[in-house]
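The listed protein sequences derive, respectively, from chains A and B.
So the first sequence is numbered by the numbering used here: it starts at 1 and just counts up by one.
So the second sequence is numbered by the numbering used here: it starts at 1 and just counts up by one.
The reader is advised that the hints may include incorrect statements.
[As the list claims (entries may be wrong)] Below, computed lysine to any residue pairings styled on SDA-like, alpha-carbon distance capped at 20 Å:
{"hint": "1", "chain 1": "A", "residue 1": "K285", "chain 2": "B", "residue 2": "R93"}
{"hint": "2", "chain 1": "B", "residue 1": "K3", "chain 2": "B", "residue 2": "E40"}
{"hint": "3", "chain 1": "B", "residue 1": "K285", "chain 2": "A", "residue 2": "R252"}
{"hint": "4", "chain 1": "A", "residue 1": "K255", "chain 2": "B", "residue 2": "A284"}
{"hint": "5", "chain 1": "A", "residue 1": "K126", "chain 2": "B", "residue 2": "D87"}
{"hint": "6", "chain 1": "A", "residue 1": "K336", "chain 2": "A", "residue 2": "L322"}
{"hint": "7", "chain 1": "A", "residue 1": "K156", "chain 2": "A", "residue 2": "E130"}
{"hint": "8", "chain 1": "A", "residue 1": "K126", "chain 2": "B", "residue 2": "D90"}
{"hint": "9", "chain 1": "A", "residue 1": "K126", "chain 2": "B", "residue 2": "K3"}
{"hint": "10", "chain 1": "A", "residue 1": "K255", "chain 2": "B", "residue 2": "N282"}
{"hint": "11", "chain 1": "B", "residue 1": "K196", "chain 2": "B", "residue 2": "I170"}
{"hint": "12", "chain 1": "B", "residue 1": "K255", "chain 2": "A", "residue 2": "A284"}
{"hint": "13", "chain 1": "A", "residue 1": "K3", "chain 2": "B", "residue 2": "K126"}
{"hint": "14", "chain 1": "A", "residue 1": "K285", "chain 2": "B", "residue 2": "Y248"}
{"hint": "15", "chain 1": "A", "residue 1": "K285", "chain 2": "B", "residue 2": "G91"}
{"hint": "16", "chain 1": "A", "residue 1": "K168", "chain 2": "A", "residue 2": "Y200"}
{"hint": "17", "chain 1": "A", "residue 1": "K255", "chain 2": "B", "residue 2": "E225"}
{"hint": "18", "chain 1": "A", "residue 1": "K255", "chain 2": "B", "residue 2": "D257"}
{"hint": "19", "chain 1": "B", "residue 1": "K12", "chain 2": "B", "residue 2": "G331"}
{"hint": "20", "chain 1": "A", "residue 1": "K12", "chain 2": "A", "residue 2": "F38"}
{"hint": "21", "chain 1": "A", "residue 1": "K126", "chain 2": "B", "residue 2": "G76"}
{"hint": "22", "chain 1": "B", "residue 1": "K3", "chain 2": "A", "residue 2": "P117"}
{"hint": "23", "chain 1": "A", "residue 1": "K126", "chain 2": "B", "residue 2": "Q73"}
{"hint": "24", "chain 1": "B", "residue 1": "K3", "chain 2": "A", "residue 2": "E128"}
Treat the hints as calculated values from the structure; they're not laboratory data.
2 protein chains.
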Amino acid sequence: MGKIVDVKFIVKEYTYEKPFHIANSIAAGSTNVEVQVFVENGAIGYGEAAPSYRVNGERVETFPTLEAFVKEQLVGVDVRNYRRIFDIMDGLRSASSVKAAVQFAVLDAFSVETGVPVYQLFGGAKDEIETDKTVGIDTVENMATEARKIFESGFKTIKIKVGEDLKKDIQVMEAIAEVTRGANYIVDANTGYTPKEAIYFAKALYSRGIDISVFEQPVKAEDIEGLKFVRYNSPFPVAADESARTRYDVLRLIKHDAVDFVNIKLMKSGISDALAIVEMANTAKIQLMIGCMSESSVGINQSVQFALGTGAFVFHDLDSHLMLLEDSFRGKFVQKGPRMLA
Amino acid sequence: MGKIVDVKFIVKEYTYEKPFHIANSIAAGSTNVEVQVFVENGAIGYGEAAPSYRVNGERVETFPTLEAFVKEQLVGVDVRNYRRIFDIMDGLRSASSVKAAVQFAVLDAFSVETGVPVYQLFGGAKDEIETDKTVGIDTVENMATEARKIFESGFKTIKIKVGEDLKKDIQVMEAIAEVTRGANYIVDANTGYTPKEAIYFAKALYSRGIDISVFEQPVKAEDIEGLKFVRYNSPFPVAADESARTRYDVLRLIKHDAVDFVNIKLMKSGISDALAIVEMANTAKIQLMIGCMSESSVGINQSVQFALGTGAFVFHDLDSHLMLLEDSFRGKFVQKGPRMLA
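The following block holds chain A by itself, in its conformation from the complex:
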C-alpha cells in the first residue's frame, strides 16, 4: 500500500549563470518550491514548482501557504490511485505549477514504490531525447557568439528569443544563421509582435533563405485570431505557448485551426492537462514541443520523464537546469550534452 502520510513544500532559491532576457522580461534567478510526498512505506516522491507570473499569473509567495491545503487533500490517499489526486489538484487553478509538482511527486512516489521509473508509468515510448539550448535577448554580436558556442558544444537545435525589436531581430537571425550552418532554429517571440510584425519577420527570414523549424508564440496570448492569421500567412510552423495553458485552451486552438504546434509545459498544465493535450494534439495532427519555465534538475526531471514516456514531442526545450546554478544534479535521467537518457 502507498498511502500518503505527509506533504512538504520547501522554498528554493536559484540563480541564473547570467540574467535571462526574453521579450519584456529579465530574470536574475528563480524562487521555486520543491514538493515532497511521503508514503507510509517510506517512499518519497519529489516534484518542483517553477512559477511564472507572466504566463500563469501565479505568485510564488503564496505557495508555502498552500502546503496545509494540499496536505489535507492528499493525506490518506494511495499514490497508486493517482487519478484521484490529479482530479483534486485540477481545482488549484491559482497555482498551476504547484498542481504540476504535486501531481508529479505522487507519480514519483508510485514509481519508487513499484521500482518502475516514471517514464515507464507513462508508457516508455523512448529511451532518449535531445534538448535544444536557448539564446536570450542581447546584442546582435553577443547572441551570435552564444549561438555559435551552443552549436559547437553539440546542440543541434537552438532556441532564439526575439520579440522586442523587429529590425534587430532580423539582424540577429542573419548573424546566427551565418555562424551555425545546419542548425535547427526555434524562434520564440514570447507574445512580442503584432500579427503583421510577425508575418513581416517570417517573410524577411524566408526571403533571406533562413529556415526556422518553429515560430513560437508570435502574438499576444489571447489573440487566437492573430495566431491563426500568422499561421496562414507565414512559411514556418506557428506554435502556441502562452496561448496554450490548459486542455481547454488547446481544444479551442484545434477548433479554430489556429496553430501547427503546441508547446506543452508542465508548469502551465500540470500532468493531467498535459496528458490530455498530448492526446488531443495527436488526434488533431498538431505537432508538439515541450518546454520549461525555470526548473532546476528536479523540475526538469518531470518533463524528461513525461517526454520519454509519452514520446509525443518533435522538439524538447528543456534547458533551464543548464542555465541555473545548482549544488548537484538531481534528475533521474542521464544528461550527456544535449542528450537526455532514461
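Assemble the complex: chain A is given as a structure, and chain B must be docked to it using the hints.
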C-alpha cells in the same frame, strides 16, 4: 525486465443463454479470440477480442492468421514500454478488437510483473462501478417481463434495445416503465431510426412522462448531421456509439457539437484510442458511458479495469459476460449483482 517472448491467439466459442436480438441483427453466440502475451520472466498477460462485423467491419476468421504478424511485431519489446506496442497496434485498423486485446494483454503482463493491478496503472480513480443489464428485442410482453426481472435482481439501470419498429418500441417503453418504477433507462436504437423517427420516439416518451438517461445511436453511423439534429430536437441526452469508433470520429463529433454522450467500447477503439477519447470528451464536457460487444469475463475485465482506473464513465454497460455461458469466471474483479469491485 519484461521482454515479450511469445504471443498466442486462441479461438473460443461462446453461446448466449438465449439468442441476443438488437436492431437488424440476431446472435446465438460469439466466436472470440483470446490473446496471451508471454514475458521472459514467466508473466502472462490476457486479452480478448470480441469482434463485430456490423460495427467494425472485421471478420473473426481472419484473426488467427494475424497471430504471426502480431508476434513478429511484439517479441523483444518490453511490456513496460507499452506505448511502443500501442503505437504498433494502432496500425491494425482492419481488426480493432485484436488491437484492443493485444494492447490490454500487454498491460496485464506489466501488471503481473509489477504487482500493480491494471486499474491502478490507469490511475485507480474508483474502487467500484455498477453495470446495467440489457433487454434484447422481443415481444412487448417478454421485454417487460425481462426488464422487471433485471430490476428486481438489483440492477438500477436497464438498457433497452429498440430501433426495428417505432410504434412497438413506444409500447415497449410504456410497458417497461410501468413495471420498473425508479429505474434508469438507456435506450439503444443501434442506428435503426431516421432522424425524424428518433425525434418522434423521444417526444412520444417525453409526453408520456417516461424519462430516459441516454438515447443511444438513434441514426445511421455516418449521419453526423442526423445525430446533431436529434440532439437538438430531443429532450434526452443523445449518445454516439456506432458513430464513435476512433479518436478521429470523436474529434469530429466534438467539432460538430453532435452529441451529449459517447459510448466507448474497447473493441472499437483499443486502449490507445479509448484513452484519447476519455481526455477529449472530458475536455469538451461530453459525458461518457462504456459498453461491450460479446466479451466473456476475460474481455469484460479489460473494460472494468479501464473504467475503474480512469473513472471516466457515468454509465457502465458491461453485461455480455452475464449473458454468455462460460465454464468459469476469469475476470480480475469481483462481481456482486450489478456491482463490479476492484
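Hint check:
1. A/K285 to B/R93: holds (18 Å)
2. B/K3 to B/E40: With a Cα-Cα distance of about 6 Å, the restraint between B/K3 and B/E40 holds, given a limit of 20 Å.
3. B/K285 to A/R252: holds (13 Å)
4. A/K255 to B/A284: holds (11 Å)
5. A/K126 to B/D87: Judged against 20 Å, a Cα distance of about 12 Å means the pair holds.
6. A/K336 to A/L322: holds (11 Å)
7. A/K156 to A/E130: Given that 20 Å is the threshold and the Cα spacing comes to 9 Å, the pair holds.
8. A/K126 to B/D90: Within the cut-off at roughly 17 Å; holds.
9. A/K126 to B/K3: Satisfied, since the Cα-Cα distance of roughly 15 Å is no more than 20 Å.
10. A/K255 to B/N282: Since the Cα atoms of A/K255 and B/N282 sit roughly 16 Å apart, the hinted pair holds (cutoff 20 Å).
11. B/K196 to B/I170: holds (15 Å)
12. B/K255 to A/A284: holds (11 Å)
13. A/K3 to B/K126: holds (15 Å)
14. A/K285 to B/Y248: holds (10 Å)
15. A/K285 to B/G91: holds (16 Å)
16. A/K168 to A/Y200: holds (13 Å)
17. A/K255 to B/E225: OK: A/K255 and B/E225 at ~18 Å, within 20 Å.
18. A/K255 to B/D257: Holds - the C-alpha atoms of B/D257 and A/K255 are around 11 Å apart, at most 20 Å.
19. B/K12 to B/G331: Holds - the C-alpha atoms of B/G331 and B/K12 are around 16 Å apart, at most 20 Å.
20. A/K12 to A/F38: Holds - the C-alpha atoms of A/F38 and A/K12 are around 19 Å apart, at most 20 Å.
21. A/K126 to B/G76: holds (15 Å)
22. B/K3 to A/P117: Holds - the C-alpha atoms of A/P117 and B/K3 are around 16 Å apart, at most 20 Å.
23. A/K126 to B/Q73: Within the cut-off at roughly 17 Å; holds.
24. B/K3 to A/E128: holds (19 Å)
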